[in-house]
Amino acid sequence: MKLKLKKGLKLNIAGSVAPDAKIEDVAVTSVAICPEDYPGFVPKVCVHEGDSVSIGTALLFDKVHTDIKLVSPIAGTVRAVVRGERRKILRIEIAAGPKEATNPSPMKVNDGTAARRLLAENGFLALMRQRPYDIVPSPEGEVRNIFVTAIDTAPLAASASMVQPFFDKADYEAAVNILNMVTSGKVYISHPAGWQLGDIKGAEMVEVSGPHPAGNAGVQAANISPVNKGEIIWTLDLPTLGRIGKYVRTGEWEWRTVVTIAGPEVNTPGLSATLVGAPVENLLASHMKPASHHRRIISGNVLTGTAIGNDGYLRYPYRQITVIAEGDDRDEFMGWASLSPDKMSESASFPGHFRKAPFVPDARLNGGRRAMIMSGQYEQYIPMDILPEYLLKAIHARDIEAMERLGIYEVAPEDFAAAEYADTSKIPLQSIVREGLDYIRKELE
Amino acid sequence: MSRLRNYLDKVKPNFEPGGKYHAFHSVFDGFETFLYTPRTTSAPGSVHIHDSIDAKRTMIIVVLSLLPCFLFGMYNTGYQHWLALGETVMPFWDLVLYGFLTILPRVVVAYVVGLGIEFAFAQWRREEIQEGFLVTGIIVTMICPAEIPLWMLAVAVAFAVVFAKEVFGGTGYNVVNIALIARAFLFFAYPAQMSGDKVYVATGAPFGFGTPLPDTFTGATPLGQIATQNGPDIVLTGINGQVIDAWQAFVGLIPGSFGETSTLCILIGAVLLLATGIASWRIMLSVVVGGLVTGLIANAFTSPLYPASFIPAGEQLLLGGFAFAAVFMATDPVTAARTTTGKYIYGFLIGAIAIIIRTYNTGYPEGAMLAVLLMNCFAPLIDHCVVQANINRRLKRAKTSRA
Numbered sequence: 012m013k014l015k016l017k018k019g020l021k022l023n024i025a026g027s028v029a030p031d032a033k034i035e036d037v038a039v040t041s042v043a044i045c046p047e048d049y050p051g052f053v054p055k056v057c058v059h060e061g062d063s064v065s066i067g068t069a070l071l072f073d074k075v076h077t078d079i080k081l082v083s084p085i086a087g088t089v090r091a092v093v094r095g096e097r098r099k100i101l102r103i104e105i106a107a108g109p110k111e112a113t114n115p116s117p118m119k120v121n122d123g124t125a126a127r128r129l130l131a132e133n134g135f136l137a138l139m140r141q142r143p144y145d146i147v148p149s150p151e152g153e154v155r156n157i158f159v160t161a162i163d164t165a166p167l168a169a170s171a172s173m174v175q176p177f178f179d180k181a182d183y184e185a186a187v188n189i190l191n192m193v194t195s196g197k198v199y200i201s202h203p204a205g206w207q208l209g210d211i212k213g214a215e216m217v218e219v220s221g222p223h224p225a226g227n228a229g230v231q232a233a234n235i236s237p238v239n240k241g242e243i244i245w246t247l248d249l250p251t252l253g254r255i256g257k258y259v260r261t262g263e264w265e266w267r268t269v270v271t272i273a274g275p276e277v278n279t280p281g282l283s284a285t286l287v288g289a290p291v292e293n294l295l296a297s298h299m300k301p302a303s304h305h306r307r308i309i310s311g312n313v314l315t316g317t318a319i320g321n322d323g324y325l326r327y328p329y330r331q332i333t334v335i336a337e338g339d340d341r342d343e344f345m346g347w348a349s350l351s352p353d354k355m356s357e358s359a360s361f362p363g364h365f366r367k368a369p370f371v372p373d374a375r376l377n378g379g380r381r382a383m384i385m386s387g388q389y390e391q392y393i394p395m396d397i398l399p400e401y402l403l404k405a406i407h408a409r410d411i412e413a414m415e416r417l418g419i420y421e422v423a424p425e426d427f428a429a430a431e432y433a434d435t436s437k438i439p440l441q442s443i444v445r446e447g448l449d450y451i452r453k454e455l456e
Numbered sequence: 504m505s506r507l508r509n510y511l512d513k514v515k516p517n518f519e520p521g522g523k524y525h526a527f528h529s530v531f532d533g534f535e536t537f538l539y540t541p542r543t544t545s546a547p548g549s550v551h552i553h554d555s556i557d558a559k560r561t562m563i564i565v566v567l568s569l570l571p572c573f574l575f576g577m578y579n580t581g582y583q584h585w586l587a588l589g590e591t592v593m594p595f596w597d598l599v600l601y602g603f604l605t606i607l608p609r610v611v612v613a614y615v616v617g618l619g620i621e622f623a624f625a626q627w628r629r630e631e632i633q634e635g636f637l638v639t640g641i642i643v644t645m646i647c648p649a650e651i652p653l654w655m656l657a658v659a660v661a662f663a664v665v666f667a668k669e670v671f672g673g674t675g676y677n678v679v680n681i682a683l684i685a686r687a688f689l690f691f692a693y694p695a696q697m698s699g700d701k702v703y704v705a706t707g708a709p710f711g712f713g714t715p716l717p718d719t720f721t722g723a724t725p726l727g728q729i730a731t732q733n734g735p736d737i738v739l740t741g742i743n744g745q746v747i748d749a750w751q752a753f754v755g756l757i758p759g760s761f762g763e764t765s766t767l768c769i770l771i772g773a774v775l776l777l778a779t780g781i782a783s784w785r786i787m788l789s790v791v792v793g794g795l796v797t798g799l800i801a802n803a804f805t806s807p808l809y810p811a812s813f814i815p816a817g818e819q820l821l822l823g824g825f826a827f828a829a830v831f832m833a834t835d836p837v838t839a840a841r842t843t844t845g846k847y848i849y850g851f852l853i854g855a856i857a858i859i860i861r862t863y864n865t866g867y868p869e870g871a872m873l874a875v876l877l878m879n880c881f882a883p884l885i886d887h888c889v890v891q892a893n894i895n896r897r898l899k900r901a902k903t904s905r906a
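Protein sequences appear in the order of chains A and B.
Its first residue numbered 12, the first sequence is counted upward by one per residue in our numbering.
Its first residue numbered 504, the second sequence is counted upward by one per residue in our numbering.
Everything labelled a hint here was simulated from the structure, so no lab data went into it.
A hint or two may mislead.
Pairwise CB distance ranges, derived in the manner of DEER restraints [said to hold, decoys possible]:
1) 97(A) to 665(B): 40 to 48 Å
2) 511(B) to 17(A): 43 to 51 Å
3) 884(B) to 123(A): 47 to 55 Å
Beta carbons are placed, not taken as given, at the ideal position from N, Cα and C, and that holds for glycine.
Full structure from sequences and hints, please.
Set out below in structure tokens:
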């Protein structure tokens, strides 16, 4: 199956990783897991500071679906359970201990119930998302389809972080076998053109082409088989599929990940093999450009990533770190009148629109927030049969019926990221969609 | 440059809460963001980089695309005046200066009144100053006769900004086009000064420059002449009694509102708007198609009862405010239809209704303004139908998938 999408955003940002870049190993002495990365997961801690944990020991479980667990990606001791305001759990830090001798054996899974249990209890379910609501899936209920993305179209994403060397085809096939026990429909795997692995047995392969957000699972689902009211689909990325498969086949957890380190503030863009939740300081140490201006370190890509400080940790989905200038220490005289070719824009009113060389954007809004003035702008970046403006207005009005009718069950905040970038009125579309999803879930559950 | 920045940073505390001039916070903020791109950076949960485009850039492109019409309007105002004086030598710079001196007080009054109200409302709502009036202010002077009395303009602008815009919430929330509301207000409140044969040629001597025309002077616009003719051979004449051909109408050397006579200059503006993607080509195209189709139909069934039906469809587009409305009025994104399909319907109906009014309502020679205002009101309905189609598609899909 081929899926060609036309609408979207192609950004040309400086600091991309060369296609033939070597993967460099980065050892870590600690990791941190942040429950905030898992929307819908209501965390309850099941370890104490000082406890020793093995790979796969549960650190947190979900208050509602107690089966769902977040597990430790490393053997060692719990260094800290860091809490914020109102005792909200910010992260659990684990210091690496000596390597444990393990005696892994393959898992036997016979039916859907066992498969769901296995996914939930071993930390894999938390790495997936469900539509509607874009949350960690509930282990119960019929799952219509499962969409696996093996393509990342986000700015500066490198394919090596998607097709990671820790997993092979047999891992993917073992995982697809498990997922087929869970879903009543098909398992789809979307991949870019030039895909090396061939067909994964048991899955429907979809070749996706087009600008971002073509790589988003939700966008693919909307074009293959949209989510209707009452239906549930699960989505996950290829590394998660590999982790599941490897665990089922060998009984071993694989929590290593290949991280793309990119962005205009990075001296030597590259790929690093490290653990999920690794401290970014280690990862960035040899990569950063020397600079005196403010910088923003983003775990993830520039559209959907999380801003973390220099002392932060690699965050879900554990595939990319982007560093850009913050820009709050910069003055630009009459920027709105500028004819500089350095200004990155989708609008042909800027000469930069026609430039081929990569841009060096910073984190400024480049304008003030306004009401929705321009029309039809969002549609150009959302390749789904959705009227984004009207859906956003319905969310704003907290009108559940209108939200349903306009397709809120089909969308996730990330699908609006490209539109948010291009928006003349600088409206935080992703936050609005997230609020809408949380609101409707709270009201209907 | 950094001296200016330093000065702004120095006086800024005065405008912040507790400062001496806190009541002018929005005004200060307006000027500061005008001079310097704000340093605000992306908040958590949103994208980390943003496109360079903002409302200021968008509005300034519209103003730029209006400039050719505006400059031509200055020349044409002088040209018509000289023509009315019976002159045959047209001194270019005198003409331009005459037009400039005529329009300058109008532009100043429109901006002072409009921006003044905007500033006051922005301060009252504790919001940033919005850029919408930058465009409205210049458009409003362009769609009125060049010599409109200043107090009338002030009243109309104030009415339009307060009752068509601010009561709805400001820029981005208005239902109908502000400049057109000002124009319609003038038309209905002061019909004697806004229509007829007297108003479309500047007669005065602004700031003592030029020779004033006698009070008895009259000079009808081409559309005004059409309404009073009844034969199949309509002859349009200029101020000096010479025949106006299509070329003159295209270039715009005809009497009319200050900035909307030149189809040529409007086209230059249209090219800029379309090349930068600021205005919707869908709307522009469908207004023209709607006007042409209706013009062709009217022209196919000519009747002496409706003299305008004798004008060829193509020529209809060159006269009056049609082209100006198609390029600058119908495409106002806030008041136009917002869905893709809706834009085609909206534009087509504007074109069609403009020509229908012009042709079949002999009492009122210009239809473009009313057509746009009417469709502004219907745009939400058009969008509603398009949205409903999307909803129905989704419902149908849900049913078939469950079956």
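How the hints compare with the structure:
1. 97(A) to 665(B): 40 to 48 Å: holds (45 Å)
2. 511(B) to 17(A): 43 to 51 Å: Holds, at about 45 Å.
3. 884(B) to 123(A): 47 to 55 Å: Because 49 Å falls inside the window, the suggested range holds.
Figure legend: structure checked against the earlier numbered hints; every hint is met.
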